[in-house]
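Number of protein chains: 2
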Amino acid sequence: MNTSNPLESIGAQAKQAALTLQNVSNEDKNNFLLHLADSIELHSNEILQANALDLDLIRTLDKNDAFIDRLTLTDDRVKLMAQGIRQVASLPDPVGQVMDEWSRPNGLKIKQVRVPLGVIGFIYESRATVTCDATALCIKSGNAVILRGGKEAKETNRYLAQLIHASLIASGLPEYAVQLLSSGNREEVTWLAQLDQFVNVIIPRGGKGLIKAIMECTKIPVLKHLDGVCHAYVDADCDLQLAVNIIDDGKTQRPGVCNALETILVHQDIAEQFLPLLAQRLNKRNVECRVDAQCKKIIPDWHIEAQEEDWSTEYEDLIVSIKIVKNIQAAIDHINHYGSHHSEVIISNNESHATQFLQQIDSACVYHNASTRFSDGNEFGFGAEIGIGTDKLHARGPMALRELTSYKYIISGDGQTKDPSRLSI
Amino acid sequence: MNTSNPLESIGAQAKQAALTLQNVSNEDKNNFLLHLADSIELHSNEILQANALDLDLIRTLDKNDAFIDRLTLTDDRVKLMAQGIRQVASLPDPVGQVMDEWSRPNGLKIKQVRVPLGVIGFIYESRATVTCDATALCIKSGNAVILRGGKEAKETNRYLAQLIHASLIASGLPEYAVQLLSSGNREEVTWLAQLDQFVNVIIPRGGKGLIKAIMECTKIPVLKHLDGVCHAYVDADCDLQLAVNIIDDGKTQRPGVCNALETILVHQDIAEQFLPLLAQRLNKRNVECRVDAQCKKIIPDWHIEAQEEDWSTEYEDLIVSIKIVKNIQAAIDHINHYGSHHSEVIISNNESHATQFLQQIDSACVYHNASTRFSDGNEFGFGAEIGIGTDKLHARGPMALRELTSYKYIISGDGQTKDPSRLSI
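One line per chain: the protein sequences are A and B, in this order. Numbered according to my numbering, the first sequence terminates at residue 426, and the numbering increases by one at each position without gaps. Numbered according to my numbering, the second sequence terminates at residue 426, and the numbering increases by one at each position without gaps.
Treat the hints with care, as some may be off.
Copies of one chain are not kept apart here, so a pair can be met inside one copy or by any two copies together.
Unchecked claim - No more than 25 angstroms apart at the CA atoms, straight line, and that leaves these computed lysine to any residue pairs for SDA-like:
1. Lys297 to Asp57
2. Lys110 to Pro95
3. Lys297 to Gly97
4. Lys80 to Pro7
5. Lys152 to Leu54
6. Lys112 to Gln361
7. Lys16 to Gln274
To be clear, the hints were calculated from the coordinates, so they are not data collected in a lab.
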């Protein structure tokens, strides 16, 4: 590590805190979480005042209403933050869970036991709610965390960090278990990414540019997803109304999120029946459709032809690409080729087709007859999420408590040696 | 990726093979493994001839007898290679295993299912047995593998790769499921490490220099250990003979391996009783002892004083460092500070001390009253191992079939959408 890294002492403090945290009881961790939840509700006014300062700044920037709305806290939203923390407190402690145990013929007893990862570097944009979710998940799983939030929530995050710090001290947890980087220096992200002596994993959440930049400059393992190019495949034998609803929900309920749909693949045998229904619904939602030549023949109103790059584009907007495929295998091949391994759905009444799709699609979450919008820690029952992963190592899909743990092997014996015959000398 | 990477076509072939392999049945994978095991036994003479060519070359190099012995194949060792492959075939298929499943209040059914990682890049030194172990583990877990063996086993590996290729074809598996890099070009390691478009994980096994060099030049996740600085802590209340045996086995049975002991910590209250017994045994084994000032007072023959760097040195030789500690906490702190998070043992009759040690030591494998030499896939009952990990992400300790898998979530519904109320338009 570069010894002149300005965050070195923060890293060292986090590592020290992590060593203590790995042995803190569930009760003590929950005491902290419940104290923090109460404190957040108690200081709702101050949180809203800090948020007002952030909003003053945001209004001077060129941001749309949806963005400003996401950043805006209200009394109710503050209550939800506190409730989220209490929900994480109510979940079982992952640390110490026995994942597997067995004995060996020589009498050794082997246990595989969950342990915390250590120090998490969490880099995220915008919402202050995420500050609370990440704090709750990291502490509950016995990890120290270094938070680096976006500048748009700077004042709110700063105030929340004060409350978190006070609750850590009040409940006897290490005071450096949660540290917020708030100098506002743009270099902070790079410095954090170079703390490989202290940080066990980096979790970045935000735009692709941010995540790519982090990956360029770090040797620390990164848990992340870059794209969410999610697909729906409409099989020949399916409930057409159900298909329209799942696609509508997936594309239009919140088009800016990573589990929203970007591409619809339709079996050729059902296309003439299905596309008019789909066109009608998407038209009502003002969705721009970019389609292949065959679709265009069926729905002449769809006049924008999809280009090659459309098949791998995450629009994050009311735009969708649509293609007719000759069979389920063509759909699977398309998704495995163009997709981002995030979330895909087959809409079908054919069980063997569903099985084939669920097995052969190489994505974190594969759905049968349900919206891809459920790819989310809360919807999975994890209480919250710290991110979603689309790589293969460690964690895939929504990441929460279990995904913030590692394991160790505990082996108990009564004197076993590898080669007892050597020892009688 | 650099488009001029000479291994690009090999990477693309491996990725294509991996897509097929993820859906190959356990029966078909086992047919390959059993075919290969038979083929190895059938061609034992040819394998020994290839090995003889390697040995001719090795004898011209400056290598010690132990090294040459490890590289030398015999009829019996070839039989063991085949048996190892059959043992992996006999293990349950990890692919498709349901790790967890649950339902949500909205009726969604969620299953977490094991899937292969994809393409493994395996870089290793020396022994041809490792070629067979890696092939068996990778194929059984549904992964394609690109093998890069050491130059000392070049001819043997080449011949084995021919047998593997023939067995893949004979059993109907993708012919590029296992590919050996055998040009002998030193740049191969770098090229392989830069195939991030195709390779999901790099597993390097060998010297620290090799592994560090790979980590410098790759963006692919690496599963590895660098050091094996393993510790034994002798508690005040313990069976002294058992302690001597565990230390002797750990230090001298095979000093060159990563799970061998490097440092002994002794509780001050037992030191005067224990050290003479230990000195006697280590003396018989010709072990050089580097000790702290207190040890020296008790055993004047121990005249080499340990330096600061001794406490973090992996000797890989008949050398050990020894230190007296004032209590168990000092031992734990020493190990967490100087250790490499590989394998450590407490020798104690005190259950609460054992529990404290097993909990607070932050290492992949922690032992109570048993030799650290058991940190090994075979000894854990995994059939073989592809390596040992000391990092926190994905896999820790001995890595075999389960550690070569990822997972995906399979979610089944009957039309669930995130926001049903929006859909009645």
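Structure-based check of each hint:
no., hint, result
1, Lys297 to Asp57, "neither (47 angstroms within a copy, 70 angstroms between copies)"
2, Lys110 to Pro95, "both (22 angstroms within a copy, 22 angstroms between copies)"
3, Lys297 to Gly97, "neither (58 angstroms within a copy, 40 angstroms between copies)"
4, Lys80 to Pro7, "neither (36 angstroms within a copy, 58 angstroms between copies)"
5, Lys152 to Leu54, "within (12 angstroms within a copy, 65 angstroms between copies)"
6, Lys112 to Gln361, "between (33 angstroms within a copy, 15 angstroms between copies)"
7, Lys16 to Gln274, "neither (60 angstroms within a copy, 37 angstroms between copies)"
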